[in-house]
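*Asks:* Take the given structure of chain A and dock chain B to it, following the hints.
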Amino acid sequence: MKKSVFLGALTVAGVAAGAAAAGTLDDVKARGTLNCGVTTGLVGFAAPDANGEWKGFDVAVCRAVAAAVLGDASAVEFVPTTGKTRFTALASGEIDMLARNTTWTFSRDVDLKFEFVGINYYDGQGFMVPKELGVSSAKDLDGATVCIQTGTTTELNLADFFRANNISYEPVPIETNAEGNQQYLAGACDTYTTDASGLAASRATYENPGDHVILPEIISKEPLGPLVRHGDNEWADVVRWTLNALIAAEELGVTSANVADLSSAAGDNPEVNRLLGTEDTLGEMLGLDADWASKAITAVGNYGEIFEGNIGESTPIGLARGLNAQWTEGGLLYTPPFR
Amino acid sequence: MSDSQTNSVAFVRTDPIPPAAPPFTTSGPVKWAKDNLFSTPAYTLLTVAALYVIYLILSNTLPWIFNGVWNTSSLAECREVLQGVSGGCFSVLTERWNQLIFGFKYPVEEYWRPSMAFLLLFVAAAPVLFYKLPRQLLIITGLFPFVAFWLIWGGTILAPLIALAGFIAGYLVYTRLVTFSFAAGFFGGIAAAFVVWIVGGELIPEGASENAWLAPVASRDLGGFMLNMMLGVTCVSLSLPIGIALALGRQSDMPLIKWICVVFIEFIRGVPLITLLFVASVMLAYFFPPESSTDLFVRVVIMITMFSSAYIAEVIRGGLAALPRGQYEAADSLGLDYAQAMRLIILPQALKISIPGIVNIAVGLFKDTTLVSVISMFDILGMIRGPILAATEWNGVYWELLGFAALLFFVVCYGISQYSQWLERQLATDHR
Chain A
6 MKKSVFLGAL TVAGVAAGAA AAGTLDDVKA RGTLNCGVTT GLVGFAAPDA NGEWKGFDVA
66 VCRAVAAAVL GDASAVEFVP TTGKTRFTAL ASGEIDMLAR NTTWTFSRDV DLKFEFVGIN
126 YYDGQGFMVP KELGVSSAKD LDGATVCIQT GTTTELNLAD FFRANNISYE PVPIETNAEG
186 NQQYLAGACD TYTTDASGLA ASRATYENPG DHVILPEIIS KEPLGPLVRH GDNEWADVVR
246 WTLNALIAAE ELGVTSANVA DLSSAAGDNP EVNRLLGTED TLGEMLGLDA DWASKAITAV
306 GNYGEIFEGN IGESTPIGLA RGLNAQWTEG GLLYTPPFR
Chain B
2 MSDSQTNSVA FVRTDPIPPA APPFTTSGPV KWAKDNLFST PAYTLLTVAA LYVIYLILSN
62 TLPWIFNGVW NTSSLAECRE VLQGVSGGCF SVLTERWNQL IFGFKYPVEE YWRPSMAFLL
122 LFVAAAPVLF YKLPRQLLII TGLFPFVAFW LIWGGTILAP LIALAGFIAG YLVYTRLVTF
182 SFAAGFFGGI AAAFVVWIVG GELIPEGASE NAWLAPVASR DLGGFMLNMM LGVTCVSLSL
242 PIGIALALGR QSDMPLIKWI CVVFIEFIRG VPLITLLFVA SVMLAYFFPP ESSTDLFVRV
302 VIMITMFSSA YIAEVIRGGL AALPRGQYEA ADSLGLDYAQ AMRLIILPQA LKISIPGIVN
362 IAVGLFKDTT LVSVISMFDI LGMIRGPILA ATEWNGVYWE LLGFAALLFF VVCYGISQYS
422 QWLERQLATD HR
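Protein chains in written order, with the working numbering: chain A, 6 to 344; chain B, 2 to 433.
Bear in mind the hints are in silico, worked out from the structure with no lab data behind them. Idealized CB from N, CA, C, for every residue including glycine. A portion of the hints provided could be inaccurate.
Which residues of chain B face chain A? A partial, calculated answer using Cβ under 8 Å [what the hints assert, rightly or not]: (1) L76; (2) R97; (3) S282; (4) Y287; (5) S377; (6) T393; (7) N396.
To list a few chain A residues with every Cβ distance to chain B over 12 Å, as calculated [said to hold, decoys possible]: (8) T108; (9) T110; (10) F111; (11) R113; (12) P135; (13) T150; (14) L190; (15) P221; (16) N263; (17) A271; (18) G292; (19) D294; (20) A304; (21) W332; (22) G336.
Chain A extracted, bound-state conformation (with noise of 0.2 Å):
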């Protein structure tokens, strides 16, 4: 009798669980908050201030999406997941998004049902050593003590790389980014591999920079991107174009400064007018408001302004935009048009 209440429980609580998971829009604009999973700390990405202020690149995405669908852009409640937890985080509901410097890979996509809707930072995976080793190429790492973040993509790559290289190597198995630098910084470990953003984030903070060198080789592709849960198209179609409408506005030139202006009334220049909503009525079919990107860009700024603010050339991580250049500067950043 009880282990059938149990189960009839269960059942209840899954069906719910199942008619929340159908519509995260209107949950969304119901709860009058949005849920968005961010890391518990990494430089630049997203990381509490002094005053507890969520800051950083990937926390700008969250923003951006709480502005075009709530019209705040402060309406968020942050939810720090580890490595180990976001997915089960994501996949269970506890959080409507998740933007937490994830890869986009095949496996995650389809295997683990979920939504990566875009990318918004194309990472790679790179190697610190310090410059008294004499290292000149990734290649001369054989037999190399390597520090590795556990449970992440680098530690796939970097088997493959030294498989594939036919060298051998030492793990020395880590739990976080600061773990890894001590590790590195103590001589626990000959280089550091991890994304080239962290590693360049990390070096900036030494007391010596100077020392340590990062290597040429980028041995892996990390599209980073935000995600959502399989199943919720109208929720990913929200995502994904708020991220395309940053991306596009910098592209258009409309920048948090000029945005009202822009969106006051109908310009010259129809797809800006289209992303803005003086035109057209792109909003209407996202179930948003016709400013909806307005908003966001009003909140956050452009693509190219959430990139200088956070990660950029003027800030301690100093990080060149590269891949992340828009197309029309030699970078992958590309929208689809809005129209």
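*Replies:* Just chain B now, kept in the frame of chain A:
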């Protein structure tokens, strides 16, 4: 005879020689050093080597501590001030002090609430820890959980009041019914408490928390050392009674109770704490609908309490097993029933024997509360490893932050262990 003898001696001393201080080399610190540090060549060598190691450690740490910088706003600034001189960047502690203690989301203007709860904790713990204090003070201890809950989480005062009313109702029903039989009192008390909670819960008006005296704070906004203290205090105080019940249950003659206790203890002891925490944070979320899930803090408290009560049960079972059979028989021959025998004769002795083991578990449990950082709760270690080290200003400050956390834990754990040694001396009534 005596005359000739006295006359044959030229000089006789009539007063005793005044006592002289022992020679310099056989007294005081020199003697101590000679006996203890330089008694043989091998010891001398060891002493010199040890002194050298101590010198090495101090010569590196002392300048680092005394040159420390306390008032910069980023690591880069701090390094500029130091100009390459060895010194700690303690400014991270002053700048992020509130985050280290309260977490990064607890509202700043409400910091006085957990601080007040912390101070009250000492008042409430005193009558439990020091049995010579007047027993009436235990009323404060009994009220403390409800006051502390209200202070830390805020919201409507009705919630803790109804919780308290439920306990009181349960107790009253228990005392009324226990005269018939213990089981009637026990289950009757539980039923009465639940009736009060359910009825009371319905009575709380919708939205009562919104304009309460104390603004409500969500569980996920708790953090820092406050979270460690809350988890540690809650779980230790809950797991002690549960552990006693489990230990007694395991010795019970009733097979059902005995086997439930055995299975529970053996299962929990066979699973690592970190697994239980993952179950609490990840698996349970699958079983609840997204909106109605139990609070993460409660889930974690349940898991840690289960874990440590299983260990405490085994420690207390050791204490029970150490008692001579005669003690049980003495209790029986006095005509005491089971509850009286346990309360008056068996448990006081068994618990006294178990003190070192229980303290061991308590200290371990308190340190284990830092494991919650792996399920992305921001306890002090989670704050350090996550937000603070990920801030562009402070990325790269390790020793200062982790040393500070270690210091806090050391103070608390050393305090617990000193208290337990004092308690053992106070209770030393046996003849050894």
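*Asks:* Please go over all the hints and tell whether each is borne out by the structure.
*Replies:* Hints, verified against the model:
no. : hint : result
1   : L76  : holds (7 Å)
2   : R97  : holds (7 Å)
3   : S282 : holds (6 Å)
4   : Y287 : holds (5 Å)
5   : S377 : holds (4 Å)
6   : T393 : holds (5 Å)
7   : N396 : holds (4 Å)
8   : T108 : holds (19 Å)
9   : T110 : holds (21 Å)
10  : F111 : holds (24 Å)
11  : R113 : holds (17 Å)
12  : P135 : holds (16 Å)
13  : T150 : holds (20 Å)
14  : L190 : violated (9 Å)
15  : P221 : holds (24 Å)
16  : N263 : holds (28 Å)
17  : A271 : holds (40 Å)
18  : G292 : holds (20 Å)
19  : D294 : holds (25 Å)
20  : A304 : holds (21 Å)
21  : W332 : holds (29 Å)
22  : G336 : holds (24 Å)
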